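Colleague: If you read the sequences in order, they're chains A and V.
Sequential numbering of the first sequence, starting at 1, is according to the working numbering.
Sequential numbering of the second sequence, starting at 1, is according to the working numbering.
Since the hints were derived computationally from the structure, they do not count as laboratory data.
It should be emphasised that the depicted structure is a prediction, and the values quoted were computed from it without experimental measurement.
Yeah, the Cβ is synthetic: ideal placement off N, Cα and C, and Gly gets one too.
Possibly wrong hints are sitting among the right ones.
Just a sample of chain A residues kept apart from chain V, beta carbon distances all over 10 Å, derived [what the hints assert, rightly or not]:
id	residue
1	E127
2	F189
3	S221
4	S237
Simulated pairs of lysine-lysine, DSS-like, Cα-Cα distance not exceeding 27 Å [unchecked claim]:
id	chain 1	residue 1	chain 2	residue 2
5	A	K97	V	K71
6	V	K38	A	K38
7	V	K183	A	K64
8	V	K239	A	K13
9	V	K334	A	K14
10	V	K51	A	K71
11	V	K239	V	K134
12	V	K213	A	K232
13	V	K14	A	K134
14	A	K91	V	K134
15	V	K183	V	K239
16	V	K310	A	K310
There are 2 protein chains.
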Amino acid sequence: MSSKKITIADIAKKLDISPTTVSFVLNGRDSGISQDTKNKVLETAKAMGYKKSFLPSIPDDWTKVAYVTSKVEYFNFYTSFFAHVYNNLQKRAQQEKFDLFLLELNPHEGYMNCHRRIEEIRSLGIEVCLSNSKDVAACLVAAGFKCILAQGGSMADCICIYCDDYAAGREAALHALEMGHKKAGMIFFSDNNNPRFKGFLETFTANGGTCDKKHIWFASSNHDEAASHIEKMASSSEKLPSLFYCFADNLLFPALKGFSRAGFRTPDDISLIGTDNLYWGSVATPAFTTVDLCEELFAEKLITAITHTKEGKVPYQLAVPVKLIPRETVKKIKN
Amino acid sequence: MSSKKITIADIAKKLDISPTTVSFVLNGRDSGISQDTKNKVLETAKAMGYKKSFLPSIPDDWTKVAYVTSKVEYFNFYTSFFAHVYNNLQKRAQQEKFDLFLLELNPHEGYMNCHRRIEEIRSLGIEVCLSNSKDVAACLVAAGFKCILAQGGSMADCICIYCDDYAAGREAALHALEMGHKKAGMIFFSDNNNPRFKGFLETFTANGGTCDKKHIWFASSNHDEAASHIEKMASSSEKLPSLFYCFADNLLFPALKGFSRAGFRTPDDISLIGTDNLYWGSVATPAFTTVDLCEELFAEKLITAITHTKEGKVPYQLAVPVKLIPRETVKKIKN
Numbered sequence: 001m002s003s004k005k006i007t008i009a010d011i012a013k014k015l016d017i018s019p020t021t022v023s024f025v026l027n028g029r030d031s032g033i034s035q036d037t038k039n040k041v042l043e044t045a046k047a048m049g050y051k052k053s054f055l056p057s058i059p060d061d062w063t064k065v066a067y068v069t070s071k072v073e074y075f076n077f078y079t080s081f082f083a084h085v086y087n088n089l090q091k092r093a094q095q096e097k098f099d100l101f102l103l104e105l106n107p108h109e110g111y112m113n114c115h116r117r118i119e120e121i122r123s124l125g126i127e128v129c130l131s132n133s134k135d136v137a138a139c140l141v142a143a144g145f146k147c148i149l150a151q152g153g154s155m156a157d158c159i160c161i162y163c164d165d166y167a168a169g170r171e172a173a174l175h176a177l178e179m180g181h182k183k184a185g186m187i188f189f190s191d192n193n194n195p196r197f198k199g200f201l202e203t204f205t206a207n208g209g210t211c212d213k214k215h216i217w218f219a220s221s222n223h224d225e226a227a228s229h230i231e232k233m234a235s236s237s238e239k240l241p242s243l244f245y246c247f248a249d250n251l252l253f254p255a256l257k258g259f260s261r262a263g264f265r266t267p268d269d270i271s272l273i274g275t276d277n278l279y280w281g282s283v284a285t286p287a288f289t290t291v292d293l294c295e296e297l298f299a300e301k302l303i304t305a306i307t308h309t310k311e312g313k314v315p316y317q318l319a320v321p322v323k324l325i326p327r328e329t330v331k332k333i334k335n
Numbered sequence: 001m002s003s004k005k006i007t008i009a010d011i012a013k014k015l016d017i018s019p020t021t022v023s024f025v026l027n028g029r030d031s032g033i034s035q036d037t038k039n040k041v042l043e044t045a046k047a048m049g050y051k052k053s054f055l056p057s058i059p060d061d062w063t064k065v066a067y068v069t070s071k072v073e074y075f076n077f078y079t080s081f082f083a084h085v086y087n088n089l090q091k092r093a094q095q096e097k098f099d100l101f102l103l104e105l106n107p108h109e110g111y112m113n114c115h116r117r118i119e120e121i122r123s124l125g126i127e128v129c130l131s132n133s134k135d136v137a138a139c140l141v142a143a144g145f146k147c148i149l150a151q152g153g154s155m156a157d158c159i160c161i162y163c164d165d166y167a168a169g170r171e172a173a174l175h176a177l178e179m180g181h182k183k184a185g186m187i188f189f190s191d192n193n194n195p196r197f198k199g200f201l202e203t204f205t206a207n208g209g210t211c212d213k214k215h216i217w218f219a220s221s222n223h224d225e226a227a228s229h230i231e232k233m234a235s236s237s238e239k240l241p242s243l244f245y246c247f248a249d250n251l252l253f254p255a256l257k258g259f260s261r262a263g264f265r266t267p268d269d270i271s272l273i274g275t276d277n278l279y280w281g282s283v284a285t286p287a288f289t290t291v292d293l294c295e296e297l298f299a300e301k302l303i304t305a306i307t308h309t310k311e312g313k314v315p316y317q318l319a320v321p322v323k324l325i326p327r328e329t330v331k332k333i334k335n
């Protein structure tokens, strides 16, 4: 706590070389640094009275964990799910002794970039990786990292934690029926054996509801295009169902816009249910009725998985429960 | 490209030790690793026919650049500005030979965590840091890093690139007047000598508009609280101005909610202008009229600043131009 404590930066400044070089020399990671530089650093450090800090760069019993995303831009964009999961991990990091990173690895950026990034992840000493992308996970596993797939489907030899997406569709269907809706449509990006899609369709029809094929619409992931498509479909349909289930809350924005342009108000004319509790849907007007993917619980399951993975135990798969949040986009229909 | 290429992971598996240890030994960063382990790794690598990859972990002429945020959670949350700037940097990274990272450093998390994170940033070999937080930048500069402040105000001895926030307020005021609004209110998180605040107020009043003090409201950064406050203020005001300028688009969500609850529709009863072109405001209904902070241009200015900083040239300050985007939240008033 002395005010005159000599730092690595001071030595670097004095010698007009980079602090990284000084740090490497003083910490013994000096391969590739010339003997001349090494000597200068060591002599200067001694002359200036540098005392090596006794804080270890990381205590031995901490675990270095990286959430590896293919692109940081999407980490908190179409969904706030991953950011909220990460935030919940972060809240527990100190207590769990996790040193947590968010890192990027884009397997489609070419071998050279991928290789470089993997070596960088290695140089950080990361022990367990989390990713929501199978491509990223496959890359990491190939490079020898222990990896957990988080809301990225399932993969062999890897702990897979995912939201119970079938239950998300089911909960939406049960809420729709409870609110008196007998006919529903669906707006998805694609069918693709999606468990949310199946969960809604099977539950809604098994409990007396009707879901006409002509009201199952597929929209572009470009929200402007999606809004135009929904406007067109809504304008050209003879009789619309009273409710639409949307794959995710980010799709509710173009749905609201498309229906509004076609002259339908939500929830008076058309009710909408989304999934994943996107933050901006909770503050929008009307506020989105949605299925919450329980990020805090999800993070808790990841924490258990991290320890399990670190210890090299047998992988498992786990579906995390979900929960409907009623807000303002679903109208109660009196029958 | 042989299908039988021996990898670090293979060696690690054979010896039942971590790939990180193997990598450290094979790359000469072996301080702290026992001689016994070193020998085992080297012998096994030889016996298995391991050939060191000739791809360098990073070519010498590339620059390692880190955008350092205090909390990844906020990187793409209240504003999509930083994520879009980062994305624009990323698009240019290959061409500019930047190896780009997003890293976290929270100066308020305690000395131990801060120190550890700084050593980790150092171990990645980061040469230039960007941050939008003065606290983060101060920490990094103290640790000997070259740092650029990006939309974080101004700081001595540091290149500071920021949006022209005064012009943002000015452009909003000029648009309001152009659309026939003579009386305006303002909704901000705080005054605090904010240039957007001044830019709007000074321009609006200098050009014939009136901005009554009782219509300058300060809202909580908690959006639910902000909506309740705006509802209360709108309900209790005798006569509201026809337009409100909001500090940022994220505040337009609670503004729309508060006015809607108080019985005012946007834009029919109340017009709203925001700033920063939050993505969700562009897909919301009505779509937000806002001031765009020109992220692509901002990223271009950062690229110049990174090279300038790396070369150790004299710091400078630069305001990046902004641009109004008219959408659906402002009504044209006939006088």
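Colleague: Would the pair V:K239 and A:K13 pass a check requiring their Cα atoms to be no farther apart than 27 Å?
Modeller: violated, 62 Å
Colleague: Determine whether the non-interface label on A:S221 survives the test: each CB of chain V must be over 10 Å from its CB.
Modeller: At roughly 12 Å from the nearest Cβ of chain V, A:S221 sits farther out than 10 Å, so the non-interface label holds.
Colleague: Sort out whether A:K64 lies within 27 Å of V:K183, counting only the CA atoms.
Modeller: violated, 56 Å
Colleague: Quickly compare the C-alpha distance for A:K97 and V:K71 to 27 Å and report which way the hint goes.
Modeller: holds, 18 Å
Colleague: Going straight from one Cα to the other, do V:K14 and A:K134 come out at no more than 27 Å?
Modeller: Given pair V:K14, A:K134 holds - Cα atoms ~25 Å apart, limit 27 Å.
Colleague: Find the nearest Cβ of chain V to the Cβ of A:F189 and say whether that gap is larger than 10 Å.
Modeller: holds, 15 Å
Colleague: Run the distance test for V:K239 versus V:K134: straight-line Cα separation, threshold 27 Å.
Modeller: At roughly 41 Å apart (the allowed maximum being 27 Å), V:K134 and V:K239 break the hint.
Colleague: For the pair supplied as a hint, V:K51 and A:K71, is the alpha-carbon distance within the 27 Å limit?
Modeller: violated, 31 Å
Colleague: Are all C-beta atoms of chain V more than 10 Å from that of A:S237?
Modeller: holds, 20 Å
Colleague: When you check the alpha-carbon spacing of A:K91 and V:K134, does it fall within 27 Å?
Modeller: holds, 23 Å
Colleague: Just to be careful, I want the Cα atoms of V:K334 and A:K14 compared with a cutoff of 27 Å; is the pair within it?
Modeller: Violated: V:K334 and A:K14 sit about 68 Å apart, past 27 Å.
Colleague: Can you confirm whether the C-alpha distance between V:K183 and V:K239 stays at or below 27 Å?
Modeller: With a Cα-Cα distance of about 11 Å, the restraint between V:K183 and V:K239 holds, given a limit of 27 Å.
In terms of the numbered hints stated before, the structure departs from hints 1, 7, 8, 9, 10, 11, 12, 16, listed from lowest to highest.
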